[in-house]
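For the record, the sequence lines run as chains L and X.
Here this note's numbering is used: position 48 in the first sequence is 48, and no number is missing along the way.
Here this note's numbering is used: position 112 in the second sequence is 112, and no number is missing along the way.
The set of hints was computed from the structure by calculation and includes no laboratory data.
All residues carry an ideal CB built from backbone N, CA and C; glycine is no exception.
Any given hint could turn out to be false.
Straight-line C-alpha distance at most 20 Å; calculated SDA-like pairs for lysine to any residue [what the hints assert, rightly or not]:
id	chain 1	residue 1	chain 2	residue 2
1	L	K138	X	A178
2	L	K13	X	S66
3	L	K17	X	S66
4	L	K138	X	D173
5	L	K17	L	T215
6	L	K13	X	T51
7	X	K17	L	S68
Simulated DEER-style distance windows between Cβ atoms [to be verified]:
id	chain 1	residue 1	chain 2	residue 2	range
8	X	K149	L	A119	54 to 62 Å
9	L	D43	X	P202	53 to 61 Å
10	X	S66	L	A145	51 to 59 Å
11	X	A150	L	A67	34 to 42 Å
12	X	S189	L	G204	26 to 34 Å
13	X	H8	L	E130	32 to 40 Å
14	X	R14	L	S167	33 to 41 Å
15	X	G44	L	G204	51 to 59 Å
16	X	V196	L	R69	15 to 23 Å
17	L	R111	X	A178	40 to 48 Å
18	X	G193	L	D56	30 to 38 Å
19	X	V196	L	A119	42 to 50 Å
20	L	K149	X	D174	19 to 27 Å
21	X	E24	L	E147	34 to 42 Å
There are 2 protein chains.
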Amino acid sequence: MGSDAPSHRTRVKRLPKRARYDAETIHRILDEGLVCHVGFVADGQPVVMPTAYARDGERLLLHGSSASRLLRAIAGGVEICVTVTQVDGLVLARSAFHHSMNYRSVVIFGRGRAIEDPAEKMDAVRRFIEHLIPGRWKDAREPDAAEMKATLVVEIPIAESSAKMRSGPPVDDDADYALRHWAGVLPFSLVPGEPVPDERLPEGIDLPDYLERYTRRR
Amino acid sequence: MGSDAPSHRTRVKRLPKRARYDAETIHRILDEGLVCHVGFVADGQPVVMPTAYARDGERLLLHGSSASRLLRAIAGGVEICVTVTQVDGLVLARSAFHHSMNYRSVVIFGRGRAIEDPAEKMDAVRRFIEHLIPGRWKDAREPDAAEMKATLVVEIPIAESSAKMRSGPPVDDDADYALRHWAGVLPFSLVPGEPVPDERLPEGIDLPDYLERYTRRR
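This is chain L alone, in the form it adopts within the complex (with noise of 0.2 Å):
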């Protein structure tokens, strides 16, 4: 814990106690999130943008337009940082100084290469679709050969990858306890709400199964 930092730019500066550099760690955080905000350097200038991705073990999959800035940039070796970030709660301190936020985020540094093999890049889009919602890939029309075409589809290596995460009530300083104001935490999580059909779905099309019972968290 803190410790093991696959490289200077993954360790954790900033709070070290509440780094992790254990794969496990790291891949929950990354498996529960929807979007990750990737950033690059375009004429020197950062850029950060929000999109979809999956995991595949060790490899981080991003997809897009094959006309895409972004995508293309990364296909084209730059180097990214990739984050990811989960929101917990507020953290309501007795003093206004030691509010703070619970949540955990990773932050992936590193280089993307474009998936090519017609196989390889068929089972990472299989994983877009199931990253986000499993089981849907069986019940939806398999992308196309011009489909495929028009995306483009980066792998980028987790390994020098680090997490960074807060939980917990307030930590005050010690005279603040015998405040009266109120302390604790207020939670936050980012919750599916009822599933919206299509006004053009014929009938008798149930909601299937897989989001009956979708849960974000696994």
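We have chain L; now place chain X onto it with these hints.
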């Protein structure tokens, strides 16, 4: 819509019909979000970090420890990119290819500067608390001089920004509407749960009104 980008780099290149450049849309997304992802370049390498923020009119405010590498870099005037993303739902199309996400995001390009004036800095700190928990500032101990010194606050003009969003049902190819796959939207929202009082909270301190009626959407 799609035509009033304040600069070349803020112009949304992919799917420009999803772009908005009006302040009202941009402010509403910023005011609802809890964390932003800040990108900057360190030794030629993009770095993306999640952090809390607040908005004051046409300025975005960030804060952190005076020792924070991120905050010091921003105070030093490096180019940054700040992205705020809300996930609103998963879009299940009949085809795997047309699966999508409903979301709202804002991307801001610019350079920050440190806020040094004590009154202005204290007002910014108040805004961080009020951004997360409206009504909380008056129910917490105000920062003292040492805490203010340990805090770095920076402002970034929101001027060079854009919003991008998708909402509504899936859009499938005409032929695919005949398929017997369920289609629609699985809505998502980041929602507060039941407040968890600190174990060290004395008897007789009730849950404050501003938490009883807490809601993220404003």
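Handout entry: Outcome for the supplied range 51 to 59 Å, where the beta carbon pair is S66(X) and A145(L)
Key = With a Cβ separation near 56 Å, S66(X) and A145(L) satisfy 51 to 59 Å, so the hint holds.
Problem - Pairwise beta carbon distance, R111(L) to A178(X), judged against the given window 40 to 48 Å - result: holds (43 Å)
Exercise for the section: Take the C-beta atom of V196(X) and the C-beta atom of R69(L), compute their distance, and say whether it sits inside 15 to 23 Å. Expected result: violated (43 Å)
Exercise for the section: Check the following: the C-beta atoms of G193(X) and D56(L) are separated by a distance inside 30 to 38 Å. Expected result: Holds - the Cβ-Cβ distance for G193(X) and D56(L), about 32 Å, lies within 30 to 38 Å.
Practice task
For H8(X) and E130(L), compare the CB-CB distance with the range 32 to 40 Å and indicate the outcome.
Solution key: holds (38 Å)
Exercise for the section: With a cut-off of 20 Å on the C-alpha distance, tell me whether K17(L) and S66(X) pass. Expected result: At roughly 18 Å apart (the allowed maximum being 20 Å), S66(X) and K17(L) satisfy the hint.
Problem - Outcome for the supplied range 42 to 50 Å, where the beta carbon pair is V196(X) and A119(L) - result: holds (48 Å)
Handout entry: Hinted pair K13(L) and T51(X), Cα distance within 20 Å
Key = holds (15 Å)
Exercise for the section: Just tell me: holds or violated, for the beta carbon distance of A150(X) and A67(L) against 34 to 42 Å? Expected result: violated (47 Å)
Exercise for the section: Could you see if the CB distance from S189(X) to G204(L) stays within 26 to 34 Å? Expected result: About 30 Å separates the Cβ atoms of S189(X) and G204(L), which means 26 to 34 Å holds.
Handout entry: Distance restraint hint 19 to 27 Å, applied to the beta-carbon atoms of K149(L) and D174(X)
Key = holds (20 Å)
Exercise for the section: Please work out if K17(X) and S68(L) have their alpha carbons no farther apart than 20 Å. Expected result: holds (15 Å)
Taken one by one, the earlier hints fail for this structure at numbers 5, 11, 16, listed in ascending order.
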